[in-house]
Amino acid sequence: MTQGVLLTEIINFLKDDIIRLHGNFDNLLIKYLQAPSMVDEYTLDWINPAKIEKQFVAENSKARAIISNNEVIYTKTLIDSKKVLIVTNDPKLSITKIGHRFFSDKIQPLISHTAIINENAKIGVNAFIGENTVIGKCKIGNNVKIHHNVVIYDNVEIGNNVTVYSGAVIGPDGFGFQKDTNGDLIRFPQLGKVIIGDNVEIGSNTCIDRGALGNTEIGPGTKINNLCHIAHNVSIGRNVIITAHVNVSGSSIIEDNVWIAPNVSLKGHIIIGKNAFIGVGAVITKNVPVGETWVGNPAKKLK
Amino acid sequence: MTQGVLLTEIINFLKDDIIRLHGNFDNLLIKYLQAPSMVDEYTLDWINPAKIEKQFVAENSKARAIISNNEVIYTKTLIDSKKVLIVTNDPKLSITKIGHRFFSDKIQPLISHTAIINENAKIGVNAFIGENTVIGKCKIGNNVKIHHNVVIYDNVEIGNNVTVYSGAVIGPDGFGFQKDTNGDLIRFPQLGKVIIGDNVEIGSNTCIDRGALGNTEIGPGTKINNLCHIAHNVSIGRNVIITAHVNVSGSSIIEDNVWIAPNVSLKGHIIIGKNAFIGVGAVITKNVPVGETWVGNPAKKLK
Amino acid sequence: MTQGVLLTEIINFLKDDIIRLHGNFDNLLIKYLQAPSMVDEYTLDWINPAKIEKQFVAENSKARAIISNNEVIYTKTLIDSKKVLIVTNDPKLSITKIGHRFFSDKIQPLISHTAIINENAKIGVNAFIGENTVIGKCKIGNNVKIHHNVVIYDNVEIGNNVTVYSGAVIGPDGFGFQKDTNGDLIRFPQLGKVIIGDNVEIGSNTCIDRGALGNTEIGPGTKINNLCHIAHNVSIGRNVIITAHVNVSGSSIIEDNVWIAPNVSLKGHIIIGKNAFIGVGAVITKNVPVGETWVGNPAKKLK
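Residue numbers (our numbering), protein chains in the order written: chain W, 1 to 303; chain G, 1 to 303; chain Y, 1 to 303.
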């Protein structure tokens, strides 16, 4: 990214998102998106709407170009310092789109030589399969990115545009045991699939177990962070956010747009209603109704 | 499994477990064990004794053959629909045994070409060693299944019929440090073994540290799920169930037949007495007496 | 270690740490450091100052040589049994230094044939890089030990004398998403580095995400145990102890010499002041002042 991109190009890309545009951006070169402490003249800075003193921050930025919402005014200070001010409704979304389009690394399609792929696996076009990744007899869609040292067992179905980070394990036997008459533990049959929808992301070292007699399902657009455990027969809806160290026990259901903070643990056979928010470290032992926020151990509704 | 198995064969296998047997099962072909929503005429259905309305469920099953306990009666409805009803004392155990015998994938013995095994490691007969698995100078029994991308360090002893799922790490140094006089942290010597008994299962991405001056021990028949941490010098008894995300700190003792729910954390030097049950998300800071149930943070006895 | 080391050599090594030295240690051979239950005549035993009845333990040890603090007296019993008693101020530190010097395995520098290292990675002298380890375009110092099946992404900087245990994943994208106007989740740009100081240790299967627009930083001397998650933009100071299953959410700051017990979870944007102690299973939702001890869910100051 040392060569950078012309601000003109970025402005053309944002186009309809821009409410107002101040200053002269001809030939202005942007090399970085960077944290406040690192901002320099080649950084495209942005003012988080959640911050206070937005005007002060803008006027003191070392950047020559700034994205903000309409609470920042193009004052004489900004004019005199020849800053470009780009006003959008949602600066964080704008910077996200710009980052995605111009600054993020693009992983090129490639099947690594050290990947070990079952001869009956079906993998769509434009896949990236990382080093030492092991893929069983699976069905995998287009444009997937399976990073390094991942293990995907047999009987896994993965949609399009899915990313799996390194060290994740998808599709091992679920953890269910019956006591034999002599007290020995025998594994209850674990014969189901894992079915992962389009645009899902699975974090590093996360584990997703196959279903027992049914399937384990992750809905489209859902994002799961590192070191999570998704047990057998769990069903997760669309656009759910599951942060790190979350434990979802067997047969639980998480509906669309739920947000689960880090280190939350769900008992088995629990239902988390749509749009619910579960706070950090909560231990969920009961169903959570639609749209509610629950915290604590055992978790209760936050008043 | 698309070819299926004759119900006659299954009935012969169950034999002594069967209390009553109703209907004509000649030539009846079973292809699947499946979840209630997926049951079809080729499924061997079963009625979980924990469910209510067992008779109703049985009479409305799409399956031609059903296993239940003696609370389901072979009514005219079942007779007229030509269903086979197999009555056993413990239908869940019956279906477990059937799954294990007829439907579960059998992993054949194989040392993968990409496995890296220390030349002084001793491994018994009929081992499966998965792709990219690294095995140090260890002693490993018969009929083990070590899945993919597993790392087993030196000084590990593993019994017979042990399964280790992908990404598990067994035998790295325990986490103990001393402050040097200048404040730097030096690792306390970690020189012990990990000793794992027969019929143990270790879940994906679980970590088991070697002992410091003693050993870390996992007793026969114990099952550990994904993403657990078993610290140095821990001693775990027989037939213990340790579910996902459980953290057992250094030198703790877990006695036989204990059941530990997900995301439980044990302080170091704790004793969990035989047959105790530790509820989801519990933080155990004291010894738990034999047979008690503890929950909460800090955990207390459940009254 | 079966050949052992002469006690004379150990005593010369400890030298200035020794306050008093009793008994005849000529030709006395030490083969092991071992747990109390395993102590034999070839073990160098030590009496933990935290134990009660230190004199009794010393007099009943099967070892011929014992390290203790000055609470153990060289009684007639010890004289008669011809024991050697080495008195130091900090026997645990003494045994740590002895273990490190004479008994711990030394990993020799080696780049494993199966390691996959980016051609633009810069790695210092005397590195050990384990089997199947994948290293991106990184800067890595001298004397590092990167164990097996580790993944280090691009944009990671690692200091000298750093150890990374098996299965760790360092440098994947942080977990931050913005909602697009249609409700889809887009990843906020994750463009920063992970910067790891000298003498850091990273445990097995631990994950450390790269910064978003800034960096994720781990200070010198800090030790992180297994299965931890360190999110984007986290900043950790010097000589911090982070035990297993700890979750540090985005942009949190942990100052020097903090001690975090297992399974602790920190909300994002939290500051943990110097020398603080966070108890097992604590859920930290507020800043913790310097030197305080916090426990519980939500965590509060321990009185």
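Calculated directly from the structure, the hints in this document are not laboratory data. Any given hint could be a false lead.
If several chains are the same, the list does not tell them apart, and a pair holds so long as it fits within one copy or across any two.
Below, simulated DSS-like cross-link-like pairs (lysine-lysine); rule was C-alpha separation at most 27 Å, straight line [to be verified]:
#, residue 1, residue 2
1, 106, 122
2, 51, 62
3, 300, 97
4, 122, 286
5, 97, 145
6, 106, 179
Now the hints, each set against the structure:
| no. | hint | result |
| --- | --- | --- |
| 1 | 106 - 122 | both (24 Å within a copy, 22 Å between copies) |
| 2 | 51 - 62 | within (18 Å within a copy, 60 Å between copies) |
| 3 | 300 - 97 | neither (37 Å within a copy, 40 Å between copies) |
| 4 | 122 - 286 | neither (40 Å within a copy, 49 Å between copies) |
| 5 | 97 - 145 | within (20 Å within a copy, 39 Å between copies) |
| 6 | 106 - 179 | between (50 Å within a copy, 21 Å between copies) |
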